[in-house]
Amino acid sequence: MSNLLLLLILLPVAAALVCYFVRSSAVRKLTVVATGAILTLASLALLGQGAFEPVMVGSFLGISSDFLVTVLDFALLGVIFFYGLKHRNLLIQGFSLVQAALLVWFELFMIDHSAVPALMGDELSIIMVLIISIIGSLICIFAIPYMDEHEEHLHLKKSRQPRFFFFLVLFLGAMNGLVLANNIMWLYFFFEVTTLCSFMLIGHDATEVATKNSVRALWMNSLGGVAFVIGMMLVYAKTGSLSITDILAAGPQGALMVTGVGFLCLAGFTKAAQVPFQSWLLGAMVAPTPVSALLHSSTMVKAGVYVVLRFAPAYAGTLLSDGVAICGAFTFVACAALAIGQSNGKKILAYSTVSNLGLIICCAGINTPLAITAAVMLIIFHAISKSLLFLCVGTIEQSIGSRDIEDMRGLYAKYPRTALLTIIGILTMLLPPFGVLMGKWMAIEAASSNIWVIVMLAMGSALTVVYWARWGGSLMASRDADAPAERQPALISMPLMTLCASAVVLSFASPWIYNYMLAPMFKSAPFAMNLGVLSGSMGSYAVAPLFIALGLGVLFAAKAAAGFRKVKIAAPYVAGANTPDDMDGTYIGPMNGPVPFTAANMYLGELFAEGKLTPIFNALAIALIVLMLGGAL
Amino acid sequence: MDTLLLIILGLVAGPVLGGLIAGLDRRVTAWFQSRQGPPIMQAFYDVAKLLGKEKMVVNQWQILCAWVYMIAAAISVALFFAQGDLLLIFFVQAVGAVFLVMGAMAAKSPYSQVGAQRELMQILAYEPVLILVFVGFYLVTGSFSIEAVWQLDQPLLAKMPLLYLALGYALTIKLRKSPFDFSTSHHGHQELVKGVLTEYSGPYLALVEIAHWYETVLVLGLCSLFWTTNPLWMAVLLIGTYMLEILVDNTMARMTWRWMLKRVWLLGMGMSVVNLIWLYAG
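Chains as they are written, first to last, in the working numbering: chain U, 3 to 635; chain Z, 22 to 303.
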């Protein structure tokens, strides 16, 4: 058991080192693909073994592993401080020094250094490991051909890929460590590793804007680090334990301890880029696409929601819990509104990520078995669909040289495969019978007992439809009969196809996933599952029957559409002024000249302008966070 | 077995009732305007004629989208008759609504593009109101399933009067009636032409029409749930509501989407929230 866990954490570290030091592209490719394959198998093996009790890790070469982690903690803070000096950023310097000082205090005067089981694995941890190891690996594999192309565009003299893959692969190890940690010091250590990795990856291209955005990401996440240390100390002061299992078993223990958990949630908020911290994740899109895909789907931001969700039992039934729910719901609606005003595809995805993370955090705050089920379902299916969409946008960007959704109009005509994958990705984010919508359905039902939360969820849900539907619709177009087929390198198309297939297949399997992985998490499970139908006390969702009915319907519709060449193709209606030879909506305009068809979405600038709304939302969100932390007292 | 029968009943009754309502609607409207109007079966004749026309599209995606719109609308009605989960029924209905929009966006026609964007604004306006109405159902019955509504011994309308009014907004938008008929219009000879429907033609327009019948039945079905204790009063409520819709349709001019968003989000949501607060307190 312990070996499997160490494999999941240390193999990526070893692979990262190989990527960095062996400067051969063939070795690097092989290492990344092999690591991905082994991680996938190892995570499946972990799934096969099922949940397990906390385990001790023991020592390396006679040095206790806890001591090693402590030393590495300080080394990490040193590195972060160094980058704070290098970029002359007082915030980073300050936050890392504060963390170090608090940590020294904690180590010297508070902890009694008794042995704590370092790792554990309940259902939540195992689900996270699966997401990280499988989706993360697919993204790393996608990155191999992507980065070759990326560097070709940049005309680099010397490849910077070793550095890139070092941090990319290391990220997976850190994330696996984070979700498997039982000792809160270990959790903190891995939390900081992900901060550093994301900083390095965001700034990878070393352009002015990349550096600026990476520095912002670092200071915001360092602030999260400070909150984490404070939270950890407060929780320890009351419970006297570093073991997360023990802390959770004890439950809420009075104002001081709950405030500590509130700070841990705040740390989760920064990492999950909740408003007002969303700007670092939006800035992160300057990085090469695989980085965005990784940060947005399986790693980094999921670390944030994981922390909030992990500690949910420790604040159940407190006012803090309501505060977390309201903060999450606010982020959900605020970022959905901001997404409407965007035409930049990556920015829409980024806002959608933050918005969905808000929904997950909101569910953690509602803190009922139904809500927690919703949160985990959203984590799983959001990770799959969002990574697919990011990789699609990356592929589109390399094909058409733009990430603007207006430039993607009619993409199907030239790039049918990518367009189709993107459309499916969008539909899996938006509609039943897919998993994300199922999570949203559970979330809304779970939130019905809180009027403020439900009103925000209702609004956010409507806003979400608008920005997805118009994007999906604008990709559609007809292909000429003799149009050349689209070619994709195998390492690009394999991850895309796998993600797309799993978004669909796992959605179908979701009732069984629920039964096998989620139901055991609760004393009283929110649903009973029978023949693919989830039925609970509040409502029921016939996943499998609905899937089959809608699936057959769509297949039939697709078959009807595939026979379109037998159907007469007409020119669009332009009040009878079509130019005689064109079928593409060109019409005869002023001076008898042809006017080509153009269209643009309504971005509702007067209502949803980013510049106008962001400061308002940030101010409101800060007020809500203060309210949340105050609620813990 | 019962569920299966109910589903089949829903699938058949949807278009039949929807078509009849459409025919009656035209007759009553004509009566308001001192005209005689078409026969009540006219809606069926129209669709039958459309189905017999030559298949013509601008774009292959329209075929897919028209079919999915129809199928999703039918499934949502089937789920409604099977006493399913209200929220789920609504989300299945949303599949159809989204596909209708996407099909319109696939065509390079300015009218259908404008119509699609406006249709999205309509979805944006009615979706939160509908979700809050369902939350009201939950607060009264303790469940989102329709089955629970039939257990009540007092009409829901007594507990949710403001939510019913708010539902009226959603109903007007869904029925594409004035003042909210700006994603498509009844008459093609206007600046919008037929908006979101412009590029659907022939058999595919017939599919869209049938889907619309299903949707009509679904929203009226929702209204009927507000008075489940007595069939007579349920009928009175439904007829009264629909007559009011026709009256509003005939007396109001088409407004802009801005007007709608503000109106529905402020007034509709406001009424819903007030009513929900009563329910939470009660």
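Treat the hints with caution; some may be incorrect.
The list that follows gives simulated cross-link-like pairs (lysine-lysine, DSS-like), each with its CA atoms no further than 30 Å apart [what the hints assert, rightly or not]:
id: 1; chain 1: Z; residue 1: K74; chain 2: Z; residue 2: K180
id: 2; chain 1: Z; residue 1: K70; chain 2: U; residue 2: K416
id: 3; chain 1: Z; residue 1: K74; chain 2: U; residue 2: K561
id: 4; chain 1: U; residue 1: K159; chain 2: U; residue 2: K214
id: 5; chain 1: U; residue 1: K561; chain 2: Z; residue 2: K70
id: 6; chain 1: Z; residue 1: K198; chain 2: U; residue 2: K568
Hint data in this document are derived by calculation from the structure and do not stem from the laboratory. Small disclaimer: the values here were computed from a predicted structure and weren't measured.
Quick rundown of the hints versus the structure:
Between K74/Z and K180/Z, the direct Cα distance comes to roughly 49 Å. Violation of the 30 Å bound is thereby established for this hinted pair. Only pairs whose Cα atoms come within 30 Å are accepted, and K70/Z paired with K416/U is rejected, the gap being roughly 36 Å. Under the criterion of a C-alpha separation no larger than 30 Å, the hint pairing K74/Z with K561/U is consistent with the structure, at around 20 Å. Restraint check for K159/U and K214/U: satisfied, since their Cα atoms lie roughly 23 Å apart, inside the 30 Å limit.
Of the pairs offered as hints, the one joining K561/U and K70/Z holds, with about 24 Å between alpha carbons and a cut-off of 30 Å not exceeded. With a CA separation close to 36 Å, the supplied pair K198/Z and K568/U exceeds the 30 Å bound.
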